[in-house]
Structures are given as C-alpha cells and as structure tokens.
Amino acid sequence: MFSIAAAELKMLVRNRLVAICAILMPLGLGLVFLVRGTTEGAPALAAIQIMAMVSLGVYITATTTLAARRQTLFLKRLRSGAVSDGSIITGLVAPIVIVSIVQVGIVLTALSVSAGAPPANVGLLIVALLATEAMFVGFALATAGVTNSPEHAQVTTLPLFFAILGVTVWVTFTGFGDLGWLKRLLPGGGATELIITAWSGGDLSSVASLIAPTLAWAVLGVFAAKAMFRWEPRA
Amino acid sequence: MTNDIVLETQNFGYTYGDFSAVRDLSIQVRRGELYALLGTNGAGKTTTLETLEGHRKPTAGKVAVFGGDPTDRKDIRPRMGIMLQESGFAADLNVRESILLAGAISGRQDDVDRVLAAVDLVDKATTRVGQLSGGQKRRLDFAMAIWGTPELLFLDEPTTGLDPSARDGLWDVVAGLRREGVTVILTTHYLEEAQKHADRIGLMHGGRLEREGTLAELVAGELSHISFVAPAGSELPLPVASSVNGLTTIETDDLQRDLYVLLGWADRGGHRLERLSATSSSLDDVFRSLATH
Numbered sequence: 000m001f002s003i004a005a006a007e008l009k010m011l012v013r014n015r016l017v018a019i020c021a022i023l024m025p026l027g028l029g030l031v032f033l034v035r036g037t038t039e040g041a042p043a044l045a046a047i048q049i050m051a052m053v054s055l056g057v058y059i060t061a062t063t064t065l066a067a068r069r070q071t072l073f074l075k076r077l078r079s080g081a082v083s084d085g086s087i088i089t090g091l092v093a094p095i096v097i098v099s100i101v102q103v104g105i106v107l108t109a110l111s112v113s114a115g116a117p118p119a120n121v122g123l124l125i126v127a128l129l130a131t132e133a134m135f136v137g138f139a140l141a142t143a144g145v146t147n148s149p150e151h152a153q154v155t156t157l158p159l160f161f162a163i164l165g166v167t168v169w170v171t172f173t174g175f176g177d178l179g180w181l182k183r184l185l186p187g188g189g190a191t192e193l194i195i196t197a198w199s200g201g202d203l204s205s206v207a208s209l210i211a212p213t214l215a216w217a218v219l220g221v222f223a224a225k226a227m228f229r230w231e232p233r234a
Numbered sequence: 000m001t002n003d004i005v006l007e008t009q010n011f012g013y014t015y016g017d018f019s020a021v022r023d024l025s026i027q028v029r030r031g032e033l034y035a036l037l038g039t040n041g042a043g044k045t046t047t048l049e050t051l052e053g054h055r056k057p058t059a060g061k062v063a064v065f066g067g068d069p070t071d072r073k074d075i076r077p078r079m080g081i082m083l084q085e086s087g088f089a090a091d092l093n094v095r096e097s098i099l100l101a102g103a104i105s106g107r108q109d110d111v112d113r114v115l116a117a118v119d120l121v122d123k124a125t126t127r128v129g130q131l132s133g134g135q136k137r138r139l140d141f142a143m144a145i146w147g148t149p150e151l152l153f154l155d156e157p158t159t160g161l162d163p164s165a166r167d168g169l170w171d172v173v174a175g176l177r178r179e180g181v182t183v184i185l186t187t188h189y190l191e192e193a194q195k196h197a198d199r200i201g202l203m204h205g206g207r208l209e210r211e212g213t214l215a216e217l218v219a220g221e222l223s224h225i226s227f228v229a230p231a232g233s234e235l236p237l238p239v240a241s242s243v244n245g246l247t248t249i250e251t252d253d254l255q256r257d258l259y260v261l262l263g264w265a266d267r268g269g270h271r272l273e274r275l276s277a278t279s280s281s282l283d284d285v286f287r288s289l290a291t292h
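Read top to bottom, the protein sequences are chains A and B. Just so we're aligned, residue 0 is where the first sequence starts under numbering that gives the first Met the number 0, counting upward by one. Just so we're aligned, residue 0 is where the second sequence starts under numbering that gives the first Met the number 0, counting upward by one.
I should point out that these hints are in silico values taken from the structure, not numbers from a laboratory. Bear in mind that the values here come from a model prediction, so they are computed numbers and not experimental data. Please note: incorrect hints may appear among the correct ones.
Output of the computed footprint for chain A on chain B, the stretches with three or more beta carbons under 8 Å from beta carbons of chain A [stated by the list, open to error]:
id, stretch
1, 77-84
2, 93-100
The list that follows gives simulated cross-link-like pairs (lysine to any residue, SDA-like), each with its CA atoms no further than 25 Å apart [said to hold, decoys possible]:
id, chain 1, residue 1, chain 2, residue 2
3, A, Lys75, B, Thr45
4, A, Lys9, B, Thr45
5, A, Lys75, A, Val126
6, B, Lys56, A, Lys9
7, B, Lys56, A, Ser83
8, A, Lys75, B, Arg127
9, A, Lys9, B, Thr126
10, A, Lys75, B, Val111
11, A, Lys75, B, Thr14
12, B, Lys73, A, Ser83
13, A, Lys9, B, Lys123
14, B, Lys56, B, Leu161
15, B, Lys61, A, Ala224
16, B, Lys136, A, Arg15
17, B, Lys73, A, Pro149
18, B, Lys136, A, Ala224
19, B, Lys73, A, Asn14
20, B, Lys73, A, Phe228
21, B, Lys56, A, Glu231
22, A, Lys75, B, Glu209
23, B, Lys56, A, Arg15
24, A, Lys9, B, Glu209
25, A, Lys9, B, Thr14
26, B, Lys61, A, Glu231
27, A, Lys225, B, Glu209
28, B, Lys123, A, Leu11
29, B, Lys136, A, Lys225
30, B, Lys73, B, Asp91
31, A, Lys225, B, Arg95
32, B, Lys56, A, Gly85
Note that CB positions come from ideal geometry on N, CA and C, so glycine has one too.
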C-alpha cells in the first residue's frame with residue numbers, strides 16, 4: 000500500500016495539470032474565501048472552505064484519478080500483484096486525502112489568524128474534517144464506478160459537487176433551526192453543521208447526530224462502489 | 000494434483016452473459032514446462048489466461064494453480080509473474096520507479112539493477128515511461144513479470160512490437176529462467192516462436208481446446224510441401240496439388256522420399272527446377288486447418 004501511495008504522490012506532483020487541479024485550485028479557492036473573513040463569519044466561512052476544498056481536492060480529484068488509472072489499465076497492473084483490492088484503493092486515494100488535509104490546515108490556520116478567532120474546539124474540528132474526507136472518498140469511489148474516463152469525470156462529479164455545495168450554503172446561510180433534521184441528513188449538511196459547531200464552540204450534545212449521517216454517506220458510497228466499481232475499462 | 004503439476008483446469012468454462020467464451024477446457028502444465036496456448040482470434044485464449052492469472056473466476060469447472068485458487072493474492076500470486084497483453088503503466092513514473100513499484104507489490108525480492116540489465120533498459124532507467132517506445136514498454140512489462148524469478152511466468156504476446164534483436168534477448172532471458180525451473184505459459188501470434196520454444200502446445204478455437212501435444216505430435220498428420228516452377232511441356236513424376244502463378248506445389252507425407260524422386264527425375268531429364276523449395280509440415284498448417292475447420 001505504501002509503495003502505491005508513494006508512486007501516486009509522485010504522479011500527482013509530476014503531472015502539471017493534475018497538480019494544478021488537485022493542489023493549487025483547492026488551495027486558491029480556500030484563500031479566495033479568506034478575503035471575506037471576519038470574527039463573526041469565521042465558523043461559516045470555515046465550513047464553506049472545507050466543503051469546497053475537499054469536494055474539489057478529494058471528490059473530483061479521486062474520481063478523476065481512479066477513472067484515469069482504470070483507463071490506462073494501471074489498476075489491472077496493480078491487481079496483477081499480491082496486494083489486496085483494499086490496499087490498492089487506499090494507496091491510490093491516501094495521497095489525495097493527505098494533500099487535502101494539509102491544504103485545509105493551511106487555509107484554516109490563515110483564517111484563524113486573519114479573523115482573529117481560532118476554532119473553539121480543535122479536536123472536534125479535526126474529527127469533522129476527517130469525517131468530511133471519508134464522506135467524499137466514499138462518494139468518489141461510487142462516482143468512479145460510473146465514470147469511464149478522466150474527461151467523463153468532469154460531468155459525472157458535477158451533480159454531487161453542486162448538490163453538496165448547495166447544502167453547505169443553505170446550512171450556513173439559514174442556520175440549523177428550520178428543517179434541521181433534513182439539513183443533517185442531506186449529504187454535507189451534517190458535516191457543515193459539525194464544522195460550524197467545532198469552530199464556534201456550540202452545543203456538543205448533537206455531535207453524534209452530525210457525525211453519524213456524514214459517516215453513513217461514506218459507508219453508502221463504499222457500498223455503492225462495491226456494486227458499481229470496475230477495475231478494467233468496459234470492453 | 001501431484002506436486003509436479005503447477006497448473007490444472009478441469010472442464011473450465013467462462014461465459015460473458017449468453018456468450019460462451021471458453022468451454023470444457025481441461026489442461027495440465029507440469030513444473031518447468033513451457034506451454035504455449037495458441038488459437039484463432041476470439042478463441043478464448045485471453046479469457047483462459049486471465050482466469051489462470053486470477054483476474055477472473057471461472058463460471059464453470061475448476062482452475063487450480065499450485066494446487067490453490069489463483070485469485071488468492073496472498074499465497075498464490077507471489078509465486079506468479081504476469082506479463083499482460085496491454086501494458087497499463089503510469090506514464091509519469093520512470094522506468095526504475097515502475098519496476099520498483101511492480102516489485103514492491105509482487106511479494107518477491109530482487110535487485111532493480113539486475114532486472115534492468117536483464118531487459119537491456121539500464122540506459123532508460125530514469126526515463127519516464129510515457130517517453131518510451133512501444134518495444135521498450137514491452138521490455139519494461141517483461142521486467143516487471145520476471146522480478147524476483149517467479150515459479151510460474153505468464154507471457155501474453157511477449158514479443159509483439161519488439162525488433163528481432165530484442166526478441167532474441169527476451170527469449171535468452173526466458174531460457175535462463177527455464178534453466179532455473181520456471182514454468183512458462185505463453186500466448187503468441189508468432190507461431191514460429193511457439194514452434195521453437197514450447198514443450199507442448201494447446202490449440203484453441205471457438206472456446207474449445209481442439210488439439211494439444213508436442214510439435215511433433217501436432218504436425219504428425221500434416222502434409223509437407225515441395226514448390227517449383229515446372230519445366231514447360233514436361234510430365235512430372237508426382238501428382239500436382241496446385242499450380243498458382245506458375246508455381247507448382249506438390250503435397251507429400253514423406254518429404255525426403257518425394258524430394259529424392261523429383262530431383263532424380265530432374266537430373267535424368269536435364270530439367271532445371273526454378274524457385275525450388277521444400278517445406279516440412281509446420282504449426283502454420285495445423286493452425287490454418289484449425290481456422291478453416
């Protein structure tokens with residue numbers, strides 16, 4: 000798994016187009032949002048930054064990467080070895096997730112400095128970030144199952160990308176009160192509320208009900224991937 | 000299965016939906032053998048090979064490699080080297096990194112410099128795979144398969160795209176591996192390679208194994224050919240099988256006897272046999288008769 004992850008990281012950095020899409024664009028997006036940072040608005044801004052950066056840096060990048068590796072028969076090559084399917088997928092996705100975590104760390108640090116308000120509950124924020132990463136990995140695995148090529152990924156990822164960003168904006172702009180249960184159940188809704196709660200230091204009693212739907216989406220994505228994922232291009 | 004049998008299929012079948020790609024295939028390959036699986040296009044060779052490699056599960060019958068399930072990556076795969084028909088490389092890794100990655104996931108140990116030298120890619124070690132020629136990629140594929148000297152080596156069209164010198168180099172390495180006891184399963188469209196290197200040959204057509212045996216066994220019933228431009232107005236001492244573009248062909252089940260008869264006749268009559276050639280029965284003939292069967 001580590002050798003696959005190391006190779007994938009090299010490929011991520013060496014391919015200029017991929018490097019721009021996976022590393023610079025999410026980072027740039029996060030920093031653009033930073034311009035509007037205020038102490039009061041920091042929790043909501045953090046939520047939007049994380050959801051936007053992870054959806055771009057993990058969801059779209061991982062879907063594109065898996066489709067590309069399948070199209071070039073690289074997945075088949077990896078399956079010719081002695082490592083398990085789980086190790087192969089983990090090796091391919093881990094560098095993307097690690098890069099994303101570093102990106103989010105940089106941008107959130109900058110946000111807390113510029114807004115003059117660090118997150119109230121750093122531990123919970125880390126949990127929220129990890130749950131969000133897991134959810135987007137699950138979605139990427141599922142979407143890769145219906146994606147034939149890297150070019151096709153530009154289309155197949157759009158519905159969920161915009162849906163999740165829509166939910167994020169809805170939650171941050173309207174709060175948790177109205178239709179709160181629905182917001183938590185929608186993909187990205189629970190994660191958004193969790194990030195805001197972690198940053199602002201809100202009520203921790205609802206944490207489990209926010210993490211659960213986020214991880215449930217991740218599990219659902221993995222189950223969907225198990226049914227739909229293909230290791231070789233369609234003949 | 001005895002210890003001597005490395006690979007065995009019993010009534011193996013594979014279907015894609017309603018289409019039956021392989022039917023009732025039973026073969027055994029012994030340790031140290033080079034077994035060539037040949038066949039017409041769509042005969043089911045690749046499906047068979049991929050099932051033996053553990054990339055697919057049979058839909059009928061049994062397939063065993065080293066007495067176990069070939070899809071068992073933990074115990075069986077480390078004993079196999081697989082050269083795929085299509086490469087599947089990462090274009091942004093260089094040759095050395097690609098071999099090291101393949102080695103790391105193979106479950107076997109080796110020295111990357113030794114492997115690079117074996118496939119004559121030392122001077123390309125730091126070249127990105129995307130910049131290699133087709134032949135160099137084929138050699139890289141071979142390098143990944145032979146990493147750590149596997150007990151069983153699958154070679155799927157190994158010399159496609161290689162120049163004659165590179166082909167010879169590849170077969171030299173295979174010969175070396177065989178001296179170490181490595182078992183080889185080969186598929187190729189170059190029949191002369193199967194003819195030259197295989198201990199036994201299986202011929203597939205329409206998803207079935209139609210013929211199997213040594214080269215001598217397979218060509219035993221096939222006719223040899225004598226071709227020449229027949230002298231005008233002369234009566235030949237042997238029956239003519241065909242005459243195309245002035246080239247007369249005689250078919251024979253005893254090449255030496257009939258060639259002696261023909262040359263004796265030409266010598267006595269003072270006839271000159273232009274473009275004379277004599278060809279022993281070959282795998283080509285067996286293959287053609289199979290394809291038109």
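Results of checking the hints against the structure:
1. For the stretch 77-84 of chain B, the stated coverage by chain A is satisfied: 3 residues place a CB nearer than 8 Å to a CB of that chain, which reaches the threshold of 3.
2. Counting residues of the stretch 93-100 of chain B whose CB lies closer than 8 Å to any CB of chain A gives 3, so the stated coverage by that chain holds, three being the minimum.
3. Of the supplied pair hints, the one linking Lys75 (chain A) and Thr45 (chain B) holds, its CA atoms being roughly 14 Å apart against a limit of 25 Å.
4. A C-alpha spacing of about 32 Å is found between Lys9 (chain A) and Thr45 (chain B), which places the hinted pair above 25 Å, so the restraint is violated.
5. A threshold of 25 Å between alpha carbons decides the hint, and for Lys75 (chain A) with Val126 (chain A) the separation of about 34 Å lies outside it, so the pair is violated.
6. Annotation: proposed proximity of Lys56 (chain B) to Lys9 (chain A) is violated, straight-line Cα distance about 33 Å (limit 25 Å).
7. For the hint pairing Lys56 (chain B) with Ser83 (chain A), the CA-to-CA distance comes to about 16 Å; that is within 25 Å, so the pair holds.
8. A C-alpha spacing of about 20 Å is found between Lys75 (chain A) and Arg127 (chain B), which places the hinted pair at or below 25 Å, so the restraint holds.
9. With a CA separation close to 14 Å, the supplied pair Lys9 (chain A) and Thr126 (chain B) stays within the 25 Å bound.
10. With a CA separation close to 22 Å, the supplied pair Lys75 (chain A) and Val111 (chain B) stays within the 25 Å bound.
11. Of the pairs offered as hints, the one joining Lys75 (chain A) and Thr14 (chain B) holds, with about 20 Å between alpha carbons and a cut-off of 25 Å not exceeded.
12. With a C-alpha separation of about 8 Å, the suggested pair Lys73 (chain B) and Ser83 (chain A) falls inside the 25 Å cut-off, and the hint holds.
13. Between Lys9 (chain A) and Lys123 (chain B), the direct Cα distance comes to roughly 18 Å. Compliance with the 25 Å bound is thereby established for this hinted pair.
14. This hinted pair does not check out: Lys56 (chain B) and Leu161 (chain B) have alpha carbons roughly 32 Å apart, beyond 25 Å.
15. At roughly 29 Å between alpha-carbon atoms, Lys61 (chain B) and Ala224 (chain A) are farther apart than 25 Å, so this suggested pair is violated.
16. Restraint check for Lys136 (chain B) and Arg15 (chain A): satisfied, since their Cα atoms lie roughly 23 Å apart, inside the 25 Å limit.
17. Restraint check: the Cα-Cα separation between Lys73 (chain B) and Pro149 (chain A) comes to about 31 Å, which exceeds 25 Å; the hinted pair is violated.
18. With a C-alpha separation of about 32 Å, the suggested pairing of Lys136 (chain B) with Ala224 (chain A) is violated against the 25 Å cut-off.
19. Only pairs whose Cα atoms come within 25 Å are accepted, and Lys73 (chain B) paired with Asn14 (chain A) is rejected, the gap being roughly 33 Å.
20. Between Lys73 (chain B) and Phe228 (chain A) the CA atoms are separated by roughly 22 Å; this keeps the pair inside 25 Å, and the hint holds.
21. For the suggested pair Lys56 (chain B) and Glu231 (chain A), the alpha carbons sit about 15 Å apart, so the restraint of at most 25 Å is met.
22. At roughly 30 Å between alpha-carbon atoms, Lys75 (chain A) and Glu209 (chain B) are farther apart than 25 Å, so this suggested pair is violated.
23. Restraint check: the Cα-Cα separation between Lys56 (chain B) and Arg15 (chain A) comes to about 39 Å, which exceeds 25 Å; the hinted pair is violated.
24. Distance hint between Lys9 (chain A) and Glu209 (chain B) is unfulfilled; the C-alpha atoms sit about 48 Å from each other, more than 25 Å.
25. Distance check on the hinted pair: Lys9 (chain A) and Thr14 (chain B) sit about 39 Å apart at the alpha-carbon level, beyond 25 Å; violated.
26. A C-alpha spacing of about 24 Å is found between Lys61 (chain B) and Glu231 (chain A), which places the hinted pair at or below 25 Å, so the restraint holds.
27. This hinted pair does not check out: Lys225 (chain A) and Glu209 (chain B) have alpha carbons roughly 38 Å apart, beyond 25 Å.
28. For the proposed pair Lys123 (chain B) and Leu11 (chain A), the alpha carbon gap of about 22 Å is at most 25 Å, so the pair holds.
29. This hinted pair does not check out: Lys136 (chain B) and Lys225 (chain A) have alpha carbons roughly 32 Å apart, beyond 25 Å.
30. Between Lys73 (chain B) and Asp91 (chain B), the direct Cα distance comes to roughly 28 Å. Violation of the 25 Å bound is thereby established for this hinted pair.
31. A distance of roughly 33 Å separates the Cα atoms of Lys225 (chain A) and Arg95 (chain B); the hinted pair therefore is violated under the 25 Å criterion.
32. As the CA atoms of Lys56 (chain B) and Gly85 (chain A) are separated by approximately 19 Å, the hinted pair is consistent with the 25 Å bound.
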